[in-house]
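Enquirer: So the sequences go chain by chain: A and B.
Under this note's numbering, the letters of the first sequence match residues 1 to 260, in that order.
Under this note's numbering, the letters of the second sequence match residues 1 to 260, in that order.
Honestly, the hints are just simulated from the structure, not real lab data.
Careful, some of the hints might be misleading.
If chains are identical, the list can't say which one is meant, so a pair holds when it fits in one copy or spans any two.
As the list claims (entries may be wrong) - The calculated DMTMM-like cross-link candidates involving lysine to aspartate or glutamate, where the alpha carbons are at most 25 Å apart (straight line), are:
id: 1; residue 1: K252; residue 2: E44
id: 2; residue 1: K209; residue 2: E159
id: 3; residue 1: K104; residue 2: E171
id: 4; residue 1: K48; residue 2: E166
id: 5; residue 1: K187; residue 2: E159
id: 6; residue 1: K224; residue 2: E171
id: 7; residue 1: K169; residue 2: D213
id: 8; residue 1: K162; residue 2: E132
id: 9; residue 1: K162; residue 2: E237
id: 10; residue 1: K47; residue 2: E239
id: 11; residue 1: K162; residue 2: E17
All values derive from a computational prediction rather than experimental measurement.
Number of protein chains: 2
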Amino acid sequence: MIGVFDSGLGGLTVVKEIIRLMPTARILYFGDTAHLPYGEKSEEIIKKYTLAACNFLKKRKVKIIVIACHSASSVALDYVKSKISLPVIGVIETGVKTALKKTKNKRIGVIGTRITIKSGAYERVFKNYDKEIEIIARATPLLVPLVEEGWINHPITKEILKIYLEPLKEEEIDTLLLGCTHYPLLKKTIEEIFRNKITIVDSAEELAKSIVDFFDYRKIKRIKGELIIYLTDIPPEFERVARNFLGFSPDKIMRVALQE
Amino acid sequence: MIGVFDSGLGGLTVVKEIIRLMPTARILYFGDTAHLPYGEKSEEIIKKYTLAACNFLKKRKVKIIVIACHSASSVALDYVKSKISLPVIGVIETGVKTALKKTKNKRIGVIGTRITIKSGAYERVFKNYDKEIEIIARATPLLVPLVEEGWINHPITKEILKIYLEPLKEEEIDTLLLGCTHYPLLKKTIEEIFRNKITIVDSAEELAKSIVDFFDYRKIKRIKGELIIYLTDIPPEFERVARNFLGFSPDKIMRVALQE
């Protein structure tokens, strides 16, 4: 049983990938929709919420916890690992490893929420592996609201992306890491802006692969997978947004309170 | 002592107006920054948070509570009034009354967050006063993130406003009600889009006036006013955003937990 935690619904992109690779997986998803978005909040409160959510999942007997939220992975991963006796995987490390395999000129761009970029978590992990890597990081806080508004292919979104990505283009990055669950939905537009000249790393895909590696898939005999979604709030646009990320409409949704 | 509640920092525009009209006022401000934004959350959870915040202010002996958040006023005002034995003023009623005084053709536009518009609260209050009024309402969820990003005078913001306001223009409204604390910062751009041909109603100003009317100002003998700000989270960009709304940097800020 796999526990997936995210501040909202964006982590469902990771769920989608896990289901694609391992259709018999049992997944408990916890979305802290009552407190989202984490991206503009403080480190202290993100740690508190993330630990509470992971404890919730632990009580429900998951074997591993995936923190699909980049903001939470950036500032709360080590904290949660020190408090919880379960394997906890964040989204930063897998993204970094993939980006390092792809880059040739060692100039990598990272985009994310304000807290993700401010934390410097990506730089730290990159430098752990290779001190020569140049990281050009930029906070892009308008992208989440644009995706949630459904303006995925809207000309305005392309214009905003151009403004945000211009400095990264000037710095001649050859690899761009998408440091937020919402950004893979903008992948096509980002590719157009860079005229397909760079490699885009989508951490959701990579994260899902590392989960599947964790389990010995052949031993899993269940015929049918299962997905249960726990949310701290059921927002008005839940159906539409969930379908955007997941590719289908989930049926088992429960509202729960977070024990802070 | 006046209690002002908002989901975040936007309600500081109301505080700014109160201080301008009544410099000796003592104001306790409660911003639920740990849970913001309310605009895309459910009615149920907004009620819960709003009541908890009002109870917090009541315990600190305020004489009146102002709900400066349009989303909370839209869905939680009656609920809070039924639970709390204190005068509670929402932001809807004052805005509606002013708009009714200004309109000549009885076609009024309202923009706000998704929950404010979806709740139909503005329509209901307008129709209570005048059944003939035509309300053209539109949810404009990108405006809050744009203001928080600091893109107040950015050409992109103007383009997005044009897209959002086009249908209201076509409907030939003569009055536009700004149904969110953040929108007054975009007033100038909105006026440009309508070529100064419509009246824009900024509820913060009107709300502040009705608070001042509530008190018998002459009886207040205090020399110096006071502003204490309680927040459920101190977000990373707090200083900049607070100054944007308030016009100065507040000095008494306390982080508190909300008893849910």
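Enquirer: If a hint holds in the structure, say so; if it doesn't, say that too.
Expert: For each hint, the structure was consulted:
1. K252 x E44: Between copies, since 20 Å is at most 25 Å while 31 Å is not.
2. K209 x E159: neither (33 Å within a copy, 41 Å between copies)
3. K104 x E171: The answer is within: 14 Å in one copy meets 25 Å, while 55 Å across copies does not.
4. K48 x E166: neither (35 Å within a copy, 43 Å between copies)
5. K187 x E159: both (14 Å within a copy, 23 Å between copies)
6. K224 x E171: This pair counts as neither: shortest intra-copy Cα distance 48 Å, inter-copy 53 Å.
7. K169 x D213: For K169 and D213, neither the intra-copy (34 Å) nor the inter-copy (56 Å) Cα distance is at most 25 Å.
8. K162 x E132: neither (27 Å within a copy, 46 Å between copies)
9. K162 x E237: between (28 Å within a copy, 24 Å between copies)
10. K47 x E239: between (28 Å within a copy, 22 Å between copies)
11. K162 x E17: neither (28 Å within a copy, 38 Å between copies)
In this structure, the earlier hints numbered 2, 4, 6, 7, 8, 11 are contradicted, and the remaining ones agree with it.
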